[in-house]
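Start from the sequences and build out the full structure, keeping to the hints where you can.
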Amino acid sequence: MASSGKGSVYSFVVVHRPPFPGYDYPLVVAIIELEEGTRIISNLIGIEPEKVEMGMPVELSIEKVDDELKLPLFRPVAA
Amino acid sequence: MLTSIKDECAIVGIGQTEISKLSGRSELQLAAESVKAAIDDAGLKPGDIDGMTGFTLDHVDEIEVARNVGIPELRLLSRMPHGGGAPMSLIHQAVMAVASGMCKAVVGYRAMNGRSGARYSSGVAEGPETTDRISWGWYMPYGLLTPACWVAMHTQRYMYQYGASDEGLAEIAVTQRKFAANNPRALYYQRPITVEDYYNSPWIVEPLRLYDCCIETDGGAAFVITSTERAKDLPQAPALIRAVAQGSGFDQEVMTSFYRDDITFLPEYDLVARQCYAQSGLGPDDLDAAIIYDAFTSILLFQLESFGFCKRGEAHEWVKGGTLDIDGRLPCNTNGGQLSEGYVHGLNGLAEGVRLIRGASVNQPSKNLDHVLVTSGASMPTSAAILGKLD
Chain A
1 MASSGKGSVY SFVVVHRPPF PGYDYPLVVA IIELEEGTRI ISNLIGIEPE
51 KVEMGMPVEL SIEKVDDELK LPLFRPVAA
Chain B
1 MLTSIKDECA IVGIGQTEIS KLSGRSELQL AAESVKAAID DAGLKPGDID
51 GMTGFTLDHV DEIEVARNVG IPELRLLSRM PHGGGAPMSL IHQAVMAVAS
101 GMCKAVVGYR AMNGRSGARY SSGVAEGPET TDRISWGWYM PYGLLTPACW
151 VAMHTQRYMY QYGASDEGLA EIAVTQRKFA ANNPRALYYQ RPITVEDYYN
201 SPWIVEPLRL YDCCIETDGG AAFVITSTER AKDLPQAPAL IRAVAQGSGF
251 DQEVMTSFYR DDITFLPEYD LVARQCYAQS GLGPDDLDAA IIYDAFTSIL
301 LFQLESFGFC KRGEAHEWVK GGTLDIDGRL PCNTNGGQLS EGYVHGLNGL
351 AEGVRLIRGA SVNQPSKNLD HVLVTSGASM PTSAAILGKL D
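Chains A and B supply the protein sequences, listed in that same order. Position 62 of the first sequence, counting from 1, maps to 62 under my numbering, and the rest follow consecutively. Position 48 of the second sequence, counting from 1, maps to 48 under my numbering, and the rest follow consecutively.
If you are wondering where the hints come from, they were derived from the structure by calculation, not from laboratory data. The beta-carbon is built from N, C-alpha and C at its ideal position, and this holds for glycine as well. Check each hint, because a few of them may be wrong.
[Said to hold, decoys possible] Computed from the model, here is a short list of chain A residues facing chain B with C-beta under 8 Å:
1) Ser11
2) Val13
3) Arg17
4) Val29
5) Arg39
6) Ile41
7) Ser42
8) Leu71
So this is what it looks like as C-alpha cells:
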C-alpha cells in the first residue's frame, strides 16, 4: 500500500536522558497515525519539543541522518 | 484429575541478598546465596528441591545454581521470557509442577548485577538477532532506546486521553520512598523524598521524571514452593497460592505494542486478572494489599485498572489521597518497590508479598491481610498471582 506520507501525532515522548551518540536532545519521538490508518514510529523535526501537540498534522520528510543512512522523519504541516 | 490449582501450593521460603550498586561478586554467587537463603528459610535441605525455574534473561544457569547450592537432581528446568513480565510466571511453572506431582519442591530465582554490570538504561545495543530485536529495528533508529522511552509513549497517550495530571504519579513516587525509608534493605533507606523533590527531579523521558523510574541495582532473590500439605509441617507461615496466571495479549510486542487501537491500557493484564479472579473466586474487593510491578510509576495505573480496583481511565485519580499508603484502601509496594528498594525483576517484590502474608513487613499494615496481589511487568507477556493465608 502506498502512503501519502501525511498523518497526525497519536502519542509522543521527549527523550532527555541518558543521551546516546548520534542524537540531538531533547529528542521528540512520536507515533504517527498515517492517513491510510497504519502507524509508524519516527522523529518529529522542525518543531520545538514544547510545541508538539496530540493530533497535530505532520508529513513525511526523508532526511539524510549520516553519510550512509536516510530515515523517514516527519515535520509539522505548514499552516 | 486436578481441576483447580487454588490453594494446592504455597510459598514456604524466601531469600534475598543485600541490594546495592556494587555487589562485588558474580551473579552466580548472588543466585546461590539467595537460593540457599530461601531453602534455609523454608526449613528444607538442598536435597529436598527437585525443580528450578528462572528467567531467560538471567546469566546464571539452573545447573550451576544446583551445583553450587548442592541440589543433587532436578526434574524441572524452566526459564520464563521477557524480563519484567516473567516473575509470577515462575510461580506459574512451579505450581503446575508441584500440583501435578511432577516435582516436590521448586526453587525460583533471579540474580543480576543490574547496576555494576549491564544496565537497562544503557539502551539496546548489539546482540543476538532475536525476533524482538529485529522488530525493534522499527523504533531504535529514532532514539527510542530505553524502557523509559517505551513506557512514556503509553503514559503520554493515557494522560491526554483521560485528562490525567501527574499528581497521582507524584503520590506513588513519594509514598513508596516513604516505605523504603523504613526498610534497611532498600537503597532509599532513610532517604524519603517530598512532592517538591519529585517535581524538581529531572526529566528522563517526558512525561516521566527521574523519580518516576525504578532504580538499577545489584542483587538476588529466590523463593521455594511446595505443596500446601507439606507446608503445614514447615516452620514458616505459608503463603498459599490462591491463583496464578500468565498472559500474552492481542498484537503483543515486548514494550512496543504501539499498533493496538488504544494504547492506554494493556490487554495482557486484563487476561491475567480474569484468570486470577476465576481461579480464586475472588474479586478486587477481596484484595487487601498489593505488590504492583513498578518499573515506572505510571504502569501502576494500567494494572490497577485491569485488576478492577477502579474504572478505565480513573486510576490517576484513585491513587490520590493515600489509597496506596499503609493505612489506605490498598497498601502497595510496602518494601519501597522497585522504585526505591531495588530492582530484582519483581522477585524482591514477591518476597515482600510473602512477608505481608506472614505479618513480617517493616511496613506491615495494621489491618488483617487475607489476600495480597503480586504482579509482573508491563507491556509484554506478563503474569500475576494472588497469595493468601492458610485457613
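Okay, the hints, checked on the actual structure:
1. Ser11: holds (4 Å)
2. Val13: At 4 Å from the nearest chain B Cβ, Val13/A passes the 8 Å test, so the hint holds.
3. Arg17: OK, holds: Arg17/A within 8 Å of chain B, min 5 Å.
4. Val29: Where the cut-off is 8 Å and the nearest Cβ of chain B is about 5 Å from Val29/A, the hint holds.
5. Arg39: holds (5 Å)
6. Ile41: holds (5 Å)
7. Ser42: For Ser42/A, the interface hint holds, since the closest Cβ of chain B sits about 6 Å away, which is under 8 Å.
8. Leu71: At about 6 Å, which falls below the 8 Å cut-off, the nearest Cβ of chain B leaves the hint on Leu71/A intact, so it holds.
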